[in-house]
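J.: Here are the chains, one letter per residue:
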Amino acid sequence: MSLKIKALTKSIWVFHMAASPCNNCDIEILDLLTPRFDIERFGIQLVGSIRHADAVLVTGSINRKVRKRLKRVLAQAAQPCFVIALGNCSCSMEMFGTSYNDNKPLDEITDVHAYIAGCPPKPEAMIQGVVALIQAQLAALKK
Amino acid sequence: MSLLQGIGFLIGGFVVAAVIGMFAHWFDRKITARVQWRVGPPFFQPLYDFVKLLAKEVVVPEGGSRFLFLAAPLFGLASVTVVSALMLRTVIFPGETFVGDLIVVIYLLTIPSQAVILGAFASANPLASLGGSREMKLILSYELPFLLVILVPVIKAGATIKMGSIIEYQATSGAAIGSLSGVIAFVIGLLCMQAKLAKVPFDAPEAETEIMAGAYIEYSGAALGLFKLTQWMMMFAVPFFLMMLFIGAVNWQQSWLNVVFAVLIYIGILLFITLVRNTNPRLRIDQIMKFFWAKMTPLAILAVILAFLGL
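Protein chains in written order, with my numbering: chain A, 434 to 576; chain B, -2 to 308.
Quick caveat, the hints were computed from the structure, so don't treat them as lab data. Please note: incorrect hints may appear among the correct ones.
[Unchecked claim] Computed spacing ranges between beta-carbons, pair by pair:
# : chain 1 : residue 1 : chain 2 : residue 2 : range
1 : A       : Gly551    : B       : Glu205    : 24 to 30 angstroms
2 : B       : Lys287    : A       : Ala572    : 55 to 61 angstroms
3 : A       : Ala565    : B       : Glu205    : 26 to 32 angstroms
4 : A       : Ala558    : B       : Asn275    : 29 to 35 angstroms
[Stated by the list, open to error] Simulated pairs of lysine-lysine, DSS-like, Cα-Cα distance not exceeding 25 angstroms:
#  : chain 1 : residue 1 : chain 2 : residue 2
5  : B       : Lys196    : B       : Lys27
6  : A       : Lys443    : B       : Lys27
7  : B       : Lys134    : B       : Lys196
8  : A       : Lys437    : B       : Lys27
9  : A       : Lys575    : A       : Lys443
10 : A       : Lys555    : A       : Lys537
11 : A       : Lys498    : A       : Lys537
12 : A       : Lys537    : A       : Lys504
13 : A       : Lys439    : B       : Lys27
Where a beta carbon is used, it is the ideal one built from N, C-alpha and C, also for glycine.
Build the full structure now, drawing on both the sequences and the hints.
T.: Quick look at the structure:
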């Protein structure tokens, strides 16, 4: 059991779900793969298919059109798979809360395991968010 | 050979290929990271990935063929295990192999690619089908020059299709790579190996940035883990097969220093694969076919003719 959990925390494959973002968060996510941050040091990899994912990064303000697509994609993930709300939009709708296209924060649609705020969040904040997620899951398993 | 001995060789072949294959995968990723001025993954990263994948849920897509979808990774893993066991046995007891084992190994080495095709078509996904059809065209492209390349050491060792006698011949009268035809054939063999391992520039079936993971797109959990393990083990099996044919693999009977040489040559081949993969763009499938059929095949035929002439 402990080997299984250790392996999971050491090899997180991330699927990036862009749910109508402004592209600012997405650019910052790609920064994580560059030499300055290089999250492959921790075994974190971006993958192209939701079936391979251990974590889903959701960016953007989730409006009515993208909502059902988001639900469909999340339902296809192989468990255990964690959902991370990235950026102010998916955490709390930011300034699009009163917009005409019926926005909702991510945690009203699905369970969210980690919130990373910022517009866009800094790469350091994202790494801290992932570390916090891992520690929270490990602590929950120990209980 | 008794049944027990056979089972022992199978387990040994699996363990050796898996361990060396995982090392090869780590080496590949680490060198890639260093080329891109990054730090790269830790040494046990492939092990973490594999254990994690084994523990995850396996999702079988609706509308796909359930049996074929789950059996395809096993076909690939089984054949690469048998190949590793056969090669290991040939290296340890070169005198005891059977006639025609070279042909068995050639056949078994294409089965992992065919398993990818079967799995892709069984997963009822348009991108996977695209990856599967590209893999099929890739096999058609590289298989012809690859077979011609294998003919060169066969001719040099006196038209034998026994791997043991090819190794023994090279131990007594020099490696096949020590001649003009051998050098040409070995270089073409390295390029065919790049395609066999589906590495850039011949990674059209996977094409991560284009059709996501292509053939593997619907795979998850242990099934994906087995496919990954097969890929890693192929990174042991194919280079080792080429080393056996052209360099005579490990001449451990003569001196223990030869083992060190063999390891260095293997790491050199891995470095070649990785550097080619990092410095080239992906080719389209028609470009791959033109490359192998119009350029590599005539060169390989030239190498075969030179080998006949004794050069």
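J.: Hint by hint, where does the structure go against what was stated? Just the numbers, ascending.
T.: Of the numbered hints given earlier, the structure breaks none, since each of them holds.
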